[in-house]
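Asker: Line order of the protein sequences matches chains A and B. The C-terminal position of the first sequence is numbered 469 in this note's numbering, with every residue numbered one higher than the one before it. The C-terminal position of the second sequence is numbered 223 in this note's numbering, with every residue numbered one higher than the one before it.
These are calculated hints, taken from the structure and not from any lab test. This one's a predicted model, so the numbers in the text were calculated from it and none came from an experiment.
Only pairs whose alpha carbons sit at most 25 Å apart, straight line, appear in this in silico DMTMM-like list of lysine to aspartate or glutamate: (1) A/K266 to A/D247; (2) A/K437 to A/E367; (3) B/K191 to A/E455; (4) B/K191 to A/D263; (5) A/K132 to A/D184; (6) A/K337 to A/E367; (7) B/K41 to A/D291; (8) B/K48 to A/D291; (9) B/K195 to A/D335; (10) A/K67 to A/E131; (11) A/K294 to B/E40; (12) B/K191 to A/D335; (13) B/K195 to A/E455; (14) B/K195 to A/D395; (15) A/K241 to A/D290; (16) B/K42 to A/D356; (17) A/K294 to A/E250; (18) B/K42 to A/D291; (19) A/K113 to B/D201; (20) A/K187 to A/E215; (21) B/K42 to A/D290; (22) A/K381 to A/E312; (23) B/K41 to A/D356; (24) A/K294 to A/D184; (25) B/K42 to A/D335.
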Amino acid sequence: MNIRPDPTFHASAKLAMQAPSENYAFTVMLSPDGEMSDGIAVVDLNPDSKTYGEIVHQVIVPNKGDEFHHFGWNACSSSLSPLSGHAFLERRYLIVPGIRSSRIYIIDVKDPLKAKIHKTIEPEELFEKTGYSRPHTIHCGPEGIYVSTLGGAGSDGTDGPPGIFIMDCETFEIIGRYEMDRGKQDKHYDFWWNLPQDYMVSSEWGLPPQFENGIVPEDLLANKYGHSIHFWDLRARKNIQTMDFGENYQMALEVRPAHDPTKSYGFCGVVVDTTNLQGAIFTWWRDDDGKWQSKKTITIDPVPASADELPELLKGFEAVPPLVTDIDLSLDDKYLYVACWGLGEMHQYDVSDPLNPKLAGKVELGGIIAHHKHPNGKGFAFGPQMVEISRDGERVYWTNSLYSTWDDQFYPNDEGGQMVMAHVGKNGGLELDKDFYIDFPQGLRAHQIRLEGGDCSTDSFCYPSV
Amino acid sequence: MTTATALWGAVVFSGFYHGINPGMGWPLAVSAALMEKKHSAMPKAIAMLGLGHFLAMIGILLPFSLMTILIEWEIQIRLGAGLLVIAMGIYLLINRRHPKILARVHPARLALWSFLAAMAHGAGLMLVPIFLGIAGHDDHSAGHHAAQLLMDNNVITAFVVAFIHTMAMTAAGAIIATIIYFWLGLKFLSKTWFNLDLVWAISLILVGIFGITAALHGH
Chain A
4 MNIRPDPTFH ASAKLAMQAP SENYAFTVML SPDGEMSDGI AVVDLNPDSK TYGEIVHQVI
64 VPNKGDEFHH FGWNACSSSL SPLSGHAFLE RRYLIVPGIR SSRIYIIDVK DPLKAKIHKT
124 IEPEELFEKT GYSRPHTIHC GPEGIYVSTL GGAGSDGTDG PPGIFIMDCE TFEIIGRYEM
184 DRGKQDKHYD FWWNLPQDYM VSSEWGLPPQ FENGIVPEDL LANKYGHSIH FWDLRARKNI
244 QTMDFGENYQ MALEVRPAHD PTKSYGFCGV VVDTTNLQGA IFTWWRDDDG KWQSKKTITI
304 DPVPASADEL PELLKGFEAV PPLVTDIDLS LDDKYLYVAC WGLGEMHQYD VSDPLNPKLA
364 GKVELGGIIA HHKHPNGKGF AFGPQMVEIS RDGERVYWTN SLYSTWDDQF YPNDEGGQMV
424 MAHVGKNGGL ELDKDFYIDF PQGLRAHQIR LEGGDCSTDS FCYPSV
Chain B
5 MTTATALWGA VVFSGFYHGI NPGMGWPLAV SAALMEKKHS AMPKAIAMLG LGHFLAMIGI
65 LLPFSLMTIL IEWEIQIRLG AGLLVIAMGI YLLINRRHPK ILARVHPARL ALWSFLAAMA
125 HGAGLMLVPI FLGIAGHDDH SAGHHAAQLL MDNNVITAFV VAFIHTMAMT AAGAIIATII
185 YFWLGLKFLS KTWFNLDLVW AISLILVGIF GITAALHGH
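The following block holds chain B by itself, in its conformation from the complex:
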């Protein structure tokens, strides 16, 4: 398996990982269908959650993709990004409190909720080292590209990474929501709900360490 394949695999895997986390919204898809008493409410809710998640991902990745124009600072940017992700992980590890802002969102505004949930949990940051790995990889395979062209490519890459990640996240959430809604019933809602807070924070730290290691030792 090449590094590029592994990195794209990580984009998909992190999508599944975000998708199964109830904190990213699949219980909302179940409740939307039940509250509105129609099946069609579920795909609509899932789409809204996906939209919010995509916006949160691209909101984080886009600034980093623009920074890749500073090609001579590549290592520093990747180190900084890695440290930022580690810092977010440590913050979530220490501050185990709940993001209160989510409680203020109107229940019908699912895309906004999903955006804020992803932001509050640092979901976008988790993708940054992976994205920079992919962007850096392109860089080496296409070293003769002008910086402007590189940045343009990386902006496209950021959208593709955010899109594929969101697709994987949406698929994972949709599968769980569908199984609970159609077959298992609400009883399993609380049964499938695991506390991922600790694992999540550690994931951020590990991804950050990966980003730093990759920056220092090539990929």
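Just chain A, same shape as in the assembly:
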């Protein structure tokens, strides 16, 4: 406990943008076959440092087969909430779940160069206390740390629906399930909220048998992956509206609400439209009657390709789908970054008018058939995937692995983990930094990135940007 609020807590997104730049990144390292232990890489991001752009420390966990994916902080700017203010917490611990093992590590990063495991929550405890499995997205909010899960109970995670559970933000004890009335929600992926407006939005990927051993083409073609998002009365813990984008919009993944809490809109990325292989972004908003609405505001076309260039999975389609697998919104709610993992492109859209996004910048790197090289001449395995934006919006970092078994299906000949960075132009535009290119240790791939002091997919702000 501190006497003064943690200096990395900011009342508004605007204040967070004015805060000092990030000195470190924490990036997931995962072993695709469980041969090695997973870990968190600490990356030096201080341009004045001798070790800038290098992995300067690694926290390697003792177990194997965890498969790290997403992770998050024990505390963020939501601690300054005027309602449930908990301003004297420290932003100090990373909550790192294994989505394959259901084990959760709490990693103390107070001194990033000496980051270490603080506590481990074994899968049995999670199963027993929540009936959920395969923990995923982390957000710090009212009452504690909220964790979404991808699976229910039972060995294949299909005994009961997946959902969200709450952890104590100081002791990291699992408190229990979040939902009181889940309505139609039967799959889970991401979630986020607007704390002052008291709503939450959650999304859907698929149930564990639909992803753990690879994408199931029959399920995809039968539109059996998730295609709805759910709106919740956050504090009443009740699903108030389920919005179905249409069954062809397969895999509604990342949910990105506007950071300014006076705004009642946000975005959701859809991996693939099974009618035409497009990738899509939906803008969702609350209308004057309080009902939630949505509209498809961005589509990205597939690129035709000959069958012999394509992996087994795509041969029949003779095209590369864009595969929109991650999106991220800058803190000023101006630019939406869209990772097109199949094409090998990172798009930057100006979403100042959220219903009329305009393509403002684009970087090509990797890709199923494109194999775009980095400006430093090196290759890039897979395509741009997990993306994170610096608080000031000037630097965009990303890595390349989607999920072990899916990487192997879409990119059977690629291997490796890379993290790169691009600079954002004064009036938009995106350009890769020639000198920032991190090759991960042999045998490990890279997934989500968290920035020291918070980033654009972590902090929830409780006061408007004025």
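With chain A fixed as given, assemble chain B onto it according to the hints.
Answerer: Here is chain B on its own, set in the frame of chain A:
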């Protein structure tokens, strides 16, 4: 300065003290004005917070004012009240956890929030020894009053104490909220936010000790 003046001074002072504590709600007044994008939302929010605080104060003081009918038990009641306040202070000292119930309140229900926040922090209890001091003081100056009349007077006193305390609390919170909203800006919201948990718990213990001492040695 007479004892009575000092005790009424303590009512006002404890109001200021509660008012500057962000845990009693002034950041909510700032956020209400910013979220609704109009200045008038702030006085409305402050009034709601004040109402909730007043109800929490009177909710605690009223039972004690009714107990003053048991005039022969006055010392015991004051000792018991002092011990209760000390116990709350020790509880808050040991249990430094956050009251989770506050996180379940809808953001628009400010009076309810303020009521629960004051209850959870034992804000009303902090006033009890002061109130009993004032009530006891009246007792001595008007010793010939019948017990019923005394109780009636003390019920009125409880309302007056709760009201004056809430006014002082509201004024202090309103001043901080106004300065931050109009002049300093949100950056100062986190800068003015001090961890008062420890000081608060100790305050309760000190007030409890004062109550016991006053009961044992007169005032």
